[in-house]
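Participant: Sequence:
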Amino acid sequence: CQLVAIGKDGSQQTVTSWMVPAHNGEATTLQGGAALKSDEISRFEVRTTDGKHLVTVTPH
52 CQLVAIGKDG SQQTVTSWMV PAHNGEATTL QGGAALKSDE ISRFEVRTTD
102 GKHLVTVTPH
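Using my numbering, the letters of the sequence shown correspond one by one to residues 52 to 111.
Worth double-checking, as some hints may not be accurate.
[Stated by the list, open to error] Calculated lysine to aspartate or glutamate pairs in the EDC-like style (CA-CA distance at most 16 Å, straight line):
{"hint": "1", "residue 1": "88", "residue 2": "60"}
{"hint": "2", "residue 1": "59", "residue 2": "90"}
{"hint": "3", "residue 1": "59", "residue 2": "96"}
{"hint": "4", "residue 1": "59", "residue 2": "91"}
Hint data in this document are derived by calculation from the structure and do not stem from the laboratory.
Please construct the entire structure, taking both the sequences and the accompanying hints into account.
Facilitator: In C-alpha cells, the structure reads:
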C-alpha cells in the first residue's frame, strides 16, 4: 500500500509505502515525508500498489 498526500492544488506525493506479508497482530510504525506544508494538504489517501483507492483521511 501507499500513503499519498493530495495538495489543495491537486498535486499528489507519495508519503510512504509498505508491504505486510502476514498479519501477526503487532503494530507497524512507518515514517515518511512530502514536500508540502501542512496547510497545503487537502487530504491523504491510502492506495494499493496498483493505485486502487482504499480510504481517505482529512487532516484537521
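Participant: Take the hints in turn and mark each one as holding or not.
Facilitator: Comparing the hints with the structure gives:
1. At most 16 Å may separate the alpha-carbon atoms for a hinted pair to count; residue 88 and residue 60 meet this at roughly 12 Å.
2. For the given pair, residue 59 sits about 9 Å from residue 90 by alpha-carbon distance, which is consistent with the 16 Å threshold.
3. For the hint linking residue 59 to residue 96, the alpha-carbon distance of about 13 Å falls within 16 Å, and the restraint holds.
4. Proximity of residue 59 to residue 91 is assessed by CA-CA distance (about 6 Å); at most 16 Å being required, the pair is judged to hold.
In this structure, every one of the numbered hints holds.
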